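Residue numbers (my numbering), protein chains in the order written: chain A, 1 to 359; chain B, 1 to 359; chain C, 1 to 359; chain D, 1 to 359.
No lab work stands behind these hints, which were simulated from the structure alone.
Among the hints, erroneous ones may be present.
Copies of the same chain look alike in the list, so a pair counts if it works inside one copy or between any two.
What the hints assert, rightly or not - SDA-like cross-link-like pairs, simulated, lysine to any residue; straight-line CA separation at most 25 Å: (1) Lys187 to Glu169; (2) Lys355 to Gln261; (3) Lys324 to Leu257; (4) Lys187 to Met306; (5) Lys178 to Gln277; (6) Lys322 to Leu86; (7) Lys147 to Asn113; (8) Lys75 to Leu36.
Quick caveat, the model's predicted, so the values are computed rather than measured.
Each chain is listed here by its residues.
Number of protein chains: 4
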Amino acid sequence: MAGNTFGTLFKLTTFGESHGEAVGGIIDGCPAGIELDFNEIQKELDRRKPGQSKITTQRKESDIVQFLSGIFEGKTTGTPIGFSILNKDQKSKDYNHIKDAFRPSHADFTYQNKYGIRDYKGGGRSSARETVSRVVAGAIAKQILAKMGVTINGYVKAVGEIQTNLPIESLDFSNTEKTIIRCPDLKKAQEMIDYIDSIRKSGDTIGGIVGCVIKNMPIGLGEPVFDKLNAVLGGAMLSINAVKGFELGSGFEGTKLRGSQHNDLFEKTNNKIRTRQNNSGGVQGGISNGEPVYFNVAFKPVATIMQDQKSIDKNGNLIDIKGKGRHDPCVVPRAVPIVEAMAAITILDFYLRNKAITI
Amino acid sequence: MAGNTFGTLFKLTTFGESHGEAVGGIIDGCPAGIELDFNEIQKELDRRKPGQSKITTQRKESDIVQFLSGIFEGKTTGTPIGFSILNKDQKSKDYNHIKDAFRPSHADFTYQNKYGIRDYKGGGRSSARETVSRVVAGAIAKQILAKMGVTINGYVKAVGEIQTNLPIESLDFSNTEKTIIRCPDLKKAQEMIDYIDSIRKSGDTIGGIVGCVIKNMPIGLGEPVFDKLNAVLGGAMLSINAVKGFELGSGFEGTKLRGSQHNDLFEKTNNKIRTRQNNSGGVQGGISNGEPVYFNVAFKPVATIMQDQKSIDKNGNLIDIKGKGRHDPCVVPRAVPIVEAMAAITILDFYLRNKAITI
Amino acid sequence: MAGNTFGTLFKLTTFGESHGEAVGGIIDGCPAGIELDFNEIQKELDRRKPGQSKITTQRKESDIVQFLSGIFEGKTTGTPIGFSILNKDQKSKDYNHIKDAFRPSHADFTYQNKYGIRDYKGGGRSSARETVSRVVAGAIAKQILAKMGVTINGYVKAVGEIQTNLPIESLDFSNTEKTIIRCPDLKKAQEMIDYIDSIRKSGDTIGGIVGCVIKNMPIGLGEPVFDKLNAVLGGAMLSINAVKGFELGSGFEGTKLRGSQHNDLFEKTNNKIRTRQNNSGGVQGGISNGEPVYFNVAFKPVATIMQDQKSIDKNGNLIDIKGKGRHDPCVVPRAVPIVEAMAAITILDFYLRNKAITI
Amino acid sequence: MAGNTFGTLFKLTTFGESHGEAVGGIIDGCPAGIELDFNEIQKELDRRKPGQSKITTQRKESDIVQFLSGIFEGKTTGTPIGFSILNKDQKSKDYNHIKDAFRPSHADFTYQNKYGIRDYKGGGRSSARETVSRVVAGAIAKQILAKMGVTINGYVKAVGEIQTNLPIESLDFSNTEKTIIRCPDLKKAQEMIDYIDSIRKSGDTIGGIVGCVIKNMPIGLGEPVFDKLNAVLGGAMLSINAVKGFELGSGFEGTKLRGSQHNDLFEKTNNKIRTRQNNSGGVQGGISNGEPVYFNVAFKPVATIMQDQKSIDKNGNLIDIKGKGRHDPCVVPRAVPIVEAMAAITILDFYLRNKAITI
């Protein structure tokens, strides 16, 4: 219980079901005196919102955030920032047919068994709608980090088998928002879009990978031995709906390398100590070394498909789940801002924690 | 700061540097009245300890745990369990030559920059010696879980390119301890051993993957939305030294599948609701569904190699790092009990947290 | 930073300034499947609200709570309960004259110095209006505890020098709500009311003491050594606005006793082990022993008085603070439900924590 | 469960029973690069240790702390500081007669009922011996605060009815260690000593009050609304064995004052904003205002008396508890360093937390 808070000093607690009154949260520990750009916050919400293109769900959620506290004359006051986003396009009738159903690879079965009760409408608390609160907090964290020069760029790295193989340093993130898929490798982007479109037409869904690169990292972020930067960042990503894997730096491929190949040798360039290559992904011993932090996040295919499936209901009866409703054929384009948001919250929290190292 | 505690109700805090007086920890929140098998605890420490075979480091650490509190007449009392393991075979002289050096892909540079001071002997706090405390706590958690029937089996899944492709359900864990590599696929085990041996002879190191399977999981463990079972488990694994990746269930491969392939359909078998396949890895919506929880952990190649490397020292001077000392050519065989330990701590903590769901 | 959360398993996080959009909070970890009585919740809010009698402030706040999540068909779902109470009767113009002023014994000076910025309207975050969120969470906790038989009764014990000297066991709590002062000793109640009325007429304020008695306590609540029942309960009370002291059981008077007088001898009554007297206040070694938990909470006089006072402003200038506005001459009658609320949250949290003692 | 950690950034976790192997703890989050004075740490332990004078218990505990980690060449490294103090003079035979007994006003009954098992020797975990770990951590915190100019002075304010009435500002703390009672009012000190001596001779015990004054406080410490400085400080004090009450500033007496008397008017002196009087006890709105923080802590009489008492044992039988053993007739002289220690830990933790207010 009580697992709805993330962070230690910059702390987000969220609430809300997909079809309840509202979703929202409280950001506690936001530094004081920060002037916020509310348009930027809304822009992030728009990147996440459904209905933004032909390859996302056609549900319309307005996703207008209302701030309730913690901001005075446009600036943060250091007191908790409460916010909410009303649930508008709820269409609750859509869900009566699955009231007692355990949809395959959804959270119906586990919520019912854990809590003995659940809000079945639109997945209730297990809906990815919950991530809208993360995007709000992440947008604020991102603005604060931007003031220090830190940039966070998520992007679609793979859709099914289609993957960009451009090295991290060749990715041009000014391309990301040029396509609805958010892959900065524009050639691959078109392939991905076409592929998702064909998947959608077949009533199916497909998984994918979101990559992320954080540049201009301060040195020294991360708190060993349990709160290593990679550990908390990985936990943050794995808490996002549908995520099944996380790797940082050389990741799973790096396990195939020899130490002599994998080691990132130091060198001195322009009077700064840097590494020649960056298999470490900017983290050594759980602490940032100033090189870019980059990582991949694996998203399984969306569980709701437009095909009929057999299942079981609450009472143990065999049932048919009809393939209907409005859902994403592939979650990764909308997941990009969520990955960025969780990255921003994590990095800002570590930045604040690191201030306690000295008196 | 203050990142040396793991868990919320079953809580481990650790201390200790590789070459300080001792390593150890405090387990706070261990359930009361549990009779402990101290031989079993020692057995786990022996699985982790160096010098156990030709493919591990030849350092000799005795790793005898001394319990200081929290146990009365062989049983846990519910009060904190303090414990320590003395550092014996320290050979501190070995490290004077690297006093000021930043060894490639080690934590020397980041610790020095973060804290402004570091115990350079044997890596200090960043040494994997720290994991001995995790194994002590994990061994206790494992015993408690075993009383409920929960089993946790780690194993070596891959060394470099050599990987067992046996499906999870065909792995015979009674084979794991039969070889020094701890791969239950005995044919692959021999290949792996030979490969590590050749790597060792070339003065190099190699990465690998540790897999883990948890069976007889209680349904309902995991605390959405941030403390999902997979999120905390992933964070736990990523906090282990040298880990660069984590995937649960279908993981990164699952991103290539369609929803219609990936979905785990429910069925009723022997009056229990089960899933036909288990791409979910036993976790849906962040909560265990009773199916086996299985996951992979990626370990990079050990950074210390028996070859000379160029580097930089604290003062910015170019230096040569000599390849000497006693280190593992491949960390995965000794990592198996560490992965199991972190899994056990995580699962037991979630078990206790789940008790607060009802009054 | 990040000090706006109370509790570990039943966890309240609050937000909101006195004159912002709304105050509210998130309850994370509320047990699932609890049927809530919303009238009872509102009744508690009404006990706290301003304008309820001639001896409280004449400000009118409607204090209607809106639940945004975590409740489905009248029952808790185990997911976070988000709620908000709109700020209606804000009269923000009232506060422009104190924009830069540091009012004596208010939090203006400390907030300004700590955060470098503050919402000066009505005290902003430092206003006692914040406690409305505590009353909401407390009302829910109280209902859950009531199902176990636990009762929590706060009452006014003293106003200035006027104090009820009835022993705990003679207090008839059915009298508490019979008077606007909430003192169950009806003779003293009238004296207190008259006294506050005279204080009010003189444009002044007066302090007081709120007592509280918790009966039918489960044995075993409290988590030594730092989270002793009395320690957390005391911290809870001391976090309420204007509180300067806390004592449990024999408290400060008990320091004058000898051990032979103070010790609570055990006896067996109706096959239950009880203590003959209860100087311990129901807590021994930081853990409840089943006897009534009783304690006192000291409230200083309200800082806002209807008299002119000299002060300093943000720029260091000498200023006059005019005595105007609508404020309580004595805070204790309205503090009773707040004390009960914090007690209920504390006890329920310990109840849930205690479930983790065994597997 | 898991209540053995105090603090959020400067974090102390303790372990140990009175007659187990050792008591000790881990300090996680101690700032790096601090040169420690180990003699000063030992001096604090000596102030707490038993057997130091005729008015304390005649038990002899050597209380030599051994540091196990986190310190390198005399300086803190920012990694966890593990430490232990061996239990030497255990005389475990002394306790066999109370194996099953529930001693009046001790924690025997509550521990037995909570955990179902307990280490009965010398009170086990509930023994005040546990506070030795707090003194170690407090001594380190005190040294760090001293570098900023912050001074923390505890003293005996009252023994039974004998109380010093000197105002805070007239207390000369250079007198505190001049007498074995630690009351800086030397006239009262002698009265107190004589009184305790007479109490001791009658085989009884007596309660008392420890006061504490913290000077040169940084402005801005404390994290509303739940982690107010007074709330956390109060909780810290109430977590010490035998404490039944806490009051800050005007405390319980202040409830009798009018607002016009109680309010601390601001004035400008030497270009600093100060208050003319300090009923606030240096805390306004839960945040330090730079004035001295002063508070009182009420200690009940020690429960172990040298007189026979009736009681009940584990099996519900009536028993006689013999008055024997070696115990303090009054706990307050030895409690002074414990109060100071908890104050130091609390203030340092808030100092570090306050650093996260800005980026």
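What are the numbers of the hints that this structure violates, sorted from low to high? 2, 4, 5 and 6
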